[in-house]
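Novice: Chain by chain, the residues run as shown.
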Amino acid sequence: MEILMAFVIGILFMTATYLMLSKSLLRIIVGTGLLSHGAHLLILTMGGLKRGAAPILGGNAENYTDPLPQALILTAIVISFGVTAFFLVLAYRTYQELGTDNVEEMRGTEKDD
Amino acid sequence: MSSLHLAILAPLVLSIFIPLFYRIFRHIHAGWFVLPIPIVLFVYFLTFLPETMRGRSLIEMINWIPSLGIKFTAKVDGLGLLFALLITGIGALVVLYSIYYLAKNKEKLNHFYVYLLLFMGAMLGVVLSDNLIVMYGFWELTSFSSFLLIGYWYERDKSRYGAQKSMLITVFGGLAMLGGIILLYIMTGTFSVTELISQANAIFNNALFDPALVCILLGAFTKSAQFPFYIWLPDAMEAPTPVSAYLHSATMVKAGIYLVARFTPVFGEHFLWFLLVTSVGILTLVWGSIFAVKQTDLKAILAFSTVSQLGLIMSLLGAGAAALHYEFLDENIYTVAVTAAIFHLVNHATFKGSLFMAAGIIDHETGTRDIRKLGGLMHFMPITFTTSIIGAFSMAGLPPFNGFLSKEMFFTAMVHVTEMDLFNLNTWGILFPVLAWIASIFTFVYSMILVFKTFTGKYQPDKLDKKPHEAPMGLLISPVILVSLVIIFGFFPNLLSDSLISPAMASILPSLLEAGEEFMVHISFWHGPNIELFMTLGVIILGIILFKTHAKWKKIYKAVPEKLALNRFYDFLIEGMQSVPYKVTNTYMNGSIRSYLVYIFTFFIVILAATLIGKNAFTFDTSNVSSIGVYEVALAILVVLASICILFAKSRMTSIILLGAVGYTVSLFYVLFRAPDLALTQLVIETISVALFLVCFYHLPKLRRFETRMRFRFTNALISVGVGVMVTLIALSAHSNKLFDSISQYYVENTYTEAAGKNMVNVILVDFRGFDTLFEITVLAIASLGIYSMIKLRLNRRKEE
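Sequences listed follow chains Y and L, in order.
Counting from 1, position 75 in the first sequence corresponds to residue 75 in the UniProt record's numbering; the numbering is continuous, with no gaps.
Counting from 1, position 440 in the second sequence corresponds to residue 440 in the UniProt record's numbering; the numbering is continuous, with no gaps.
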């Protein structure tokens, strides 16, 4: 299972990277979304999959799956949501102000100011 | 904390109160509050005189960073006390002078006196610290306060340029010196100068000895404006004249001299030391004196003259270091060079200080410092004229002033160099007296120009902004005191010889003294008709001829390029340091986010591939894998298909829905992988995210109804495949490589007993790793603030208003 997941994660990262390198703001945001899914699964896979019962005491299970990656991922999910929401509003406002979603048209350095 | 430490830190601490007094007592010139500080300190340091005259020194120590061997050790010995008296004595006179020089209502006096006190404290720290790291700190503080004082009139371009130049050059030297200090520490294991001197013989043949020597000298040469680093000093003349008189002639530029004197017992016997210090000194002496003759601005003449005189003192110290080769005191004729160096140091402070103050008075009362516009001021400013002529004659080396005595001793020392049987000096050593003599002729000429072009000749009222008149008494007090000292030291030089010169020599050449011995210094006017007397006569005769025919020589002086090659090199360097990195940075920082992402991803791929290959880190082990179920294969296929379909999606809507599909599938994965909390969270978040996406893009203006499909780009594809492959390899290695046991058992055992919870993930989040959660909330708060302000911020509309 871990081997299969390694390839699934690889493909998620690949598509995410390709999207992030595109010109459209929306695709970049979708790319970051895919990237965070890939990262979460990667953390989970690293800890080993299906090694016991869900990490809740009281079921008299012999083994539990590792709770630490899950805690880390839970934090990461919430943060990636915050970042995605920020990105979305940023893209929305950029559309409104600049009238474009093409990042190549937004380029500029301090020199241009 | 001893009284000595308090004395060193007093100017720094008291400087805090100056702006306060300035605000409260508007009608009183802030200088009056400052004046008592140097006077009290001067008197305080005078009380050490009996001790140092008996050859003793006082050491007070505070532990600062004991683990690194850094202690704030204050040490008063002959050399340190000489400088401390100079700093506080001249400091008092300069503060007094500045009270009349800087107008109460026009100038930012609160700034000025803070900088000045900062400098005074820093300089005292330099000359009284035994610990080299502490000394270095004070050393940089002097550069820093000098920067602030040169840039005091910061609205002028030239001030800023001069301030930056002096800062860059002296800090460069300071850093080199720090390198030298660290090299010395590596060799000896101590930062204390006293201990260094006692270990000097042991490190003499160390491979690091030469580099340390050169580094220390770089610090000294940049600070004391030696060739080729002197270029900052003429530009530093943009500072107010009291500052030029104080920092850039009497004290700060002598810090390099102090450093050379302080390290003579450590390095002095080395040939390289003798060679560098003496020849750089003598070269600076000649170079500075020739350039001084060319100048037309009074302060520029004085600046180059200072450069030249500093070279003179430097060369004397170099020649004096040769005395260390002879392990006896009686009839050691080379010690006269050190005597001359210290004597001239004091003399230079007196006559150059008075000349700077006179130049300031002329500037103040006539509105110009250009000698082409000045002339015939003798009748308008008789007192200024008198002080100037005495100062200038002393500088030229004319009797009966103190400059004559030290100049004679300088000649003696230089003639002795030819007699040394070291380093083949009896062959090429003849260069030293010859160069010294040539430089003295030019010194004579510019001293004459300084006085006679200003005060005699034709009075040109039409070229002056103001009608000249004698300066007010307050401005004249300080130069008059200094000039009286010029005369007193001229007639009674032995006032200094036992009190200051002999103890300072004991600090510079300690190895020549047996216990209880001291240097017998006796300075006298008349030595009989010896070679030095004839050299002086030659200087006077040739000098007068050159001065009288000055107009005819102007073309030859101008043959030396007007814009100095060295200055041009400096400007080129500064310009290059800004423009080249700017161009280089612009080649890759092109403002396109895609390029930046490409850099990041490429770096990611390369560094991970290199680590995996170079460290042989990739392992693949299938022995410990869990089983694969049908559901899981189905979900995996779903995720892969959905994510690949996004690449080919045409419309926004499709890609958003596909992203949602990936998210929901991932949450199903969490269910299968026994992570119920994750599954729940993911479901909720995914729902909100998709809704947000749709809301955002529903409201968006429809720029293009039909979006084009992404065009295929080979580089992008290559990078993304690379990233995918690297992540897969890492995932495989991470699975196959278990270097440590999992710490999950800790949570299994402790979740209930420590935190009384049963859901381990929850307990970790709120209890064991509570700070993580706290910061997570902080991130969310920041994101929401950002979102809120973005929605509120209307740039275009504000412009329209």
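Since the hints were made in silico from the structure, they are not lab data.
There may be inaccurate statements among the hints.
[Said to hold, decoys possible] In silico BS3-like pairs for lysine-lysine, Cα to Cα no more than 30 Å straight-line:
#: 1; chain 1: L; residue 1: Lys-108; chain 2: Y; residue 2: Lys-50
#: 2; chain 1: L; residue 1: Lys-373; chain 2: Y; residue 2: Lys-23
#: 3; chain 1: L; residue 1: Lys-583; chain 2: Y; residue 2: Lys-23
#: 4; chain 1: L; residue 1: Lys-294; chain 2: L; residue 2: Lys-463
#: 5; chain 1: Y; residue 1: Lys-23; chain 2: L; residue 2: Lys-650
#: 6; chain 1: Y; residue 1: Lys-50; chain 2: L; residue 2: Lys-758
#: 7; chain 1: L; residue 1: Lys-294; chain 2: L; residue 2: Lys-467
#: 8; chain 1: L; residue 1: Lys-554; chain 2: L; residue 2: Lys-650
#: 9; chain 1: L; residue 1: Lys-453; chain 2: L; residue 2: Lys-467
[Unchecked claim] Short, incomplete list of chain Y residues facing chain L, as computed with Cβ under 7 Å:
#: 10; residue: Thr-17
#: 11; residue: Met-20
#: 12; residue: Gly-82
#: 13; residue: Val-103
Since we're looking at a predicted model, the values are computed, not measured.
We put the beta carbon where it would ideally sit given N, CA and C, even for glycine.
Novice: Measure nothing beyond the straight line between the CA atoms of Lys-23 of chain Y and Lys-650 of chain L; if it is 30 Å or shorter, mark the hint as holding.
Specialist: holds, 14 Å
Novice: Hey, Lys-453 of chain L versus Lys-467 of chain L, does the alpha-carbon distance stay inside 30 Å?
Specialist: holds, 18 Å
Novice: Holds or violated: are the alpha carbons of Lys-294 of chain L and Lys-467 of chain L at most 30 Å from each other?
Specialist: holds, 27 Å
Novice: Holds or violated: Lys-554 of chain L with Lys-650 of chain L, Cα cutoff 30 Å?
Specialist: Distance ~82 Å between Lys-554 of chain L and Lys-650 of chain L Cα, so the pair is violated.
Novice: Would you check whether Val-103 of chain Y satisfies its interface hint, that is, whether its CB is within less than 7 Å of any CB in chain L?
Specialist: Result: holds, 5 Å to nearest chain L Cβ.
Novice: Given Thr-17 of chain Y was flagged as interface, is its beta-carbon under 7 Å from a beta-carbon of chain L?
Specialist: holds, 4 Å
Novice: For the pair supplied as a hint, Lys-583 of chain L and Lys-23 of chain Y, confirm whether the alpha-carbon distance does not exceed 30 Å.
Specialist: holds, 26 Å
Novice: Hey, Lys-108 of chain L versus Lys-50 of chain Y, does the alpha-carbon distance stay inside 30 Å?
Specialist: Between Lys-108 of chain L and Lys-50 of chain Y the Cα gap is close to 75 Å, so the pair fails against 30 Å, i.e. violated.
Novice: Assess, step by step, whether the Cα of Lys-373 of chain L is no farther than 30 Å from the Cα of Lys-23 of chain Y, and give holds or violated.
Specialist: Cα-Cα ~68 Å, so violated.
Novice: Min Cβ distance, Met-20 of chain Y to chain L: is it shorter than 7 Å?
Specialist: Holds. Min distance 6 Å.
Novice: Please verify whether Lys-50 of chain Y and Lys-758 of chain L have alpha carbons no more than 30 Å apart.
Specialist: holds, 19 Å
Novice: Against the 30 Å threshold, does the CA-CA distance of Lys-294 of chain L and Lys-463 of chain L hold or violate the hint?
Specialist: holds, 21 Å
Hint compliance for this structure: hints 1, 2, 8 are broken, all remaining hints hold.
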